[in-house]
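Count along the sequence shown from 1, then add 108; that gives the number in my numbering.
Keep in mind the hints are simulated off the structure, nothing from the lab. Only a predicted model underlies this, so the values are computations on that prediction, with no experimental measurement involved. Possibly wrong hints are sitting among the right ones.
What the hints assert, rightly or not - Using 30 Å as the maximum straight-line C-alpha spacing, the simulated DSSO-like pairs for lysine-lysine come out as follows: (1) 127 to 371; (2) 243 to 189; (3) 127 to 377; (4) 377 to 309; (5) 371 to 189; (6) 133 to 308; (7) 189 to 308; (8) 133 to 309; (9) 371 to 133; (10) 308 to 371; (11) 308 to 377; (12) 309 to 189; (13) 127 to 309; (14) 127 to 243; (15) 243 to 377; (16) 243 to 371; (17) 189 to 377.
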Amino acid sequence: MIALALSVLSSTLIFVVFKLYDVYKVQTLYAIVMNYIVACATGFFLYDGSVEFGQLFNTSWFWGPILMGMLFITIFNLMAKTAQVSGVSVASVATKMSLVIPVIFGIWLYNESLSWIQVVGIALALVAVYLASLKEKHIVINRKDLLLPFLVFLGSGIIDTSIKYFEELHLTDAEVPIFSSMIFGCAALSGLIFIGIQSKKTPVKANFRNVLGGIALGVPNYFSIYFLIIALRSDMLSSAAIFTLNNVAIVMASTLTGILLFKERLTLKNWGGVVLAVLSIVLVALF
Numbered sequence: 109m110i111a112l113a114l115s116v117l118s119s120t121l122i123f124v125v126f127k128l129y130d131v132y133k134v135q136t137l138y139a140i141v142m143n144y145i146v147a148c149a150t151g152f153f154l155y156d157g158s159v160e161f162g163q164l165f166n167t168s169w170f171w172g173p174i175l176m177g178m179l180f181i182t183i184f185n186l187m188a189k190t191a192q193v194s195g196v197s198v199a200s201v202a203t204k205m206s207l208v209i210p211v212i213f214g215i216w217l218y219n220e221s222l223s224w225i226q227v228v229g230i231a232l233a234l235v236a237v238y239l240a241s242l243k244e245k246h247i248v249i250n251r252k253d254l255l256l257p258f259l260v261f262l263g264s265g266i267i268d269t270s271i272k273y274f275e276e277l278h279l280t281d282a283e284v285p286i287f288s289s290m291i292f293g294c295a296a297l298s299g300l301i302f303i304g305i306q307s308k309k310t311p312v313k314a315n316f317r318n319v320l321g322g323i324a325l326g327v328p329n330y331f332s333i334y335f336l337i338i339a340l341r342s343d344m345l346s347s348a349a350i351f352t353l354n355n356v357a358i359v360m361a362s363t364l365t366g367i368l369l370f371k372e373r374l375t376l377k378n379w380g381g382v383v384l385a386v387l388s389i390v391l392v393a394l395f
């Protein structure tokens, strides 16, 4: 539970850093790529052992971080596009509701069992995520724009499911730091390629704020994944329960942090989401 709490804390710090990007006019895409580089370096620093590419190439999980890294940067761009087209709330809901995918796969692939009280808790968690994530008063999504939030939903769910898959079948405790590091390293490489393609239209300019923003984001970003994997490797709760608790606690902590630090105002629906989030955590964790 300590590892899960630290994962939630790290993810909440990510929310705070993103908020500060608006304040200090940090260019998100460039800071995101820098963040991946820093997160990758953090993992290599924490890895207790020598790093040999040939040795890594022979591991059973080598291709996982490559595919997940490309998916990371793709989903980030899809989230940004969804926020622009349909609103921030739609992007946030699509991302967090994706917890359904790893929950279903946890029950189906790994024969995890849930009590009926936990099932009720997961259902309440989905409602809580939806209500707490609604920031715009009126949300209208055109049918032609449904593809974007669906792809964000699907991609986010695939990332979480992949983390569980490799943790369950391929990783040892000692390999967790280097596995997490490689995910971010591949994401950084994908981001640099994307920026390189973009630079043909928009020249890249060095910006100290972007670098600093990437450093501030990279460390908590690494630990959000690292501690999530550690939590999944514990036997206290099923992966379905852990993914539910992780996502709901992040939404609740981020919402409350927004109120305390950034003076955000919540609607009645948002407060209802926070209350349901607390209730769902109690049901999933204690029963």
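Tell me if the straight-line CA distance from residue 189 to residue 308 falls inside 30 Å. Measuring from Cα to Cα gives roughly 20 Å; hence the hint holds.
Just to be careful, I want the Cα atoms of residue 127 and residue 377 compared with a cutoff of 30 Å; is the pair within it? 22 Å, holds
30 Å Cα cutoff - pair residue 308, residue 371: Violated, because 40 Å separates the two Cα atoms, which is more than 30 Å.
Pair hint outcome, residue 127 versus residue 243 [Cα-Cα no greater than 30 Å]: Roughly 14 Å separates the two Cα atoms, so the pair holds.
What's the verdict on residue 371 and residue 189, does the C-alpha distance respect the 30 Å limit or exceed it? Answer holds: residue 371 to residue 189 is near 26 Å, not above 30 Å.
30 Å limit on alpha-carbon distance, applied to hinted pair residue 243 and residue 377: 9 Å, holds
Against the 30 Å threshold, does the CA-CA distance of residue 189 and residue 377 hold or violate the hint? Holds, because 25 Å separates the two Cα atoms, which is no more than 30 Å.
Hinted pair, alpha-carbon criterion (30 Å max): residue 243, residue 189. Please report holds or violated. 17 Å, holds
Tell me if the straight-line CA distance from residue 308 to residue 377 falls inside 30 Å. It is violated: about 45 Å lies between the C-alpha atoms, which goes past 30 Å.
Between the alpha carbons of residue 309 and residue 189, is the straight-line distance 30 Å or under? 18 Å, holds
Satisfaction of hint between residue 309 and residue 127, Cα-Cα up to 30 Å: Between residue 127 and residue 309 the Cα gap is close to 28 Å, so the pair holds against 30 Å.
Proposed proximity, residue 309 with residue 133 (alpha carbon, max 30 Å): 21 Å, holds
Hints 4, 10, 11, counting from the list given before, are not met by this structure.
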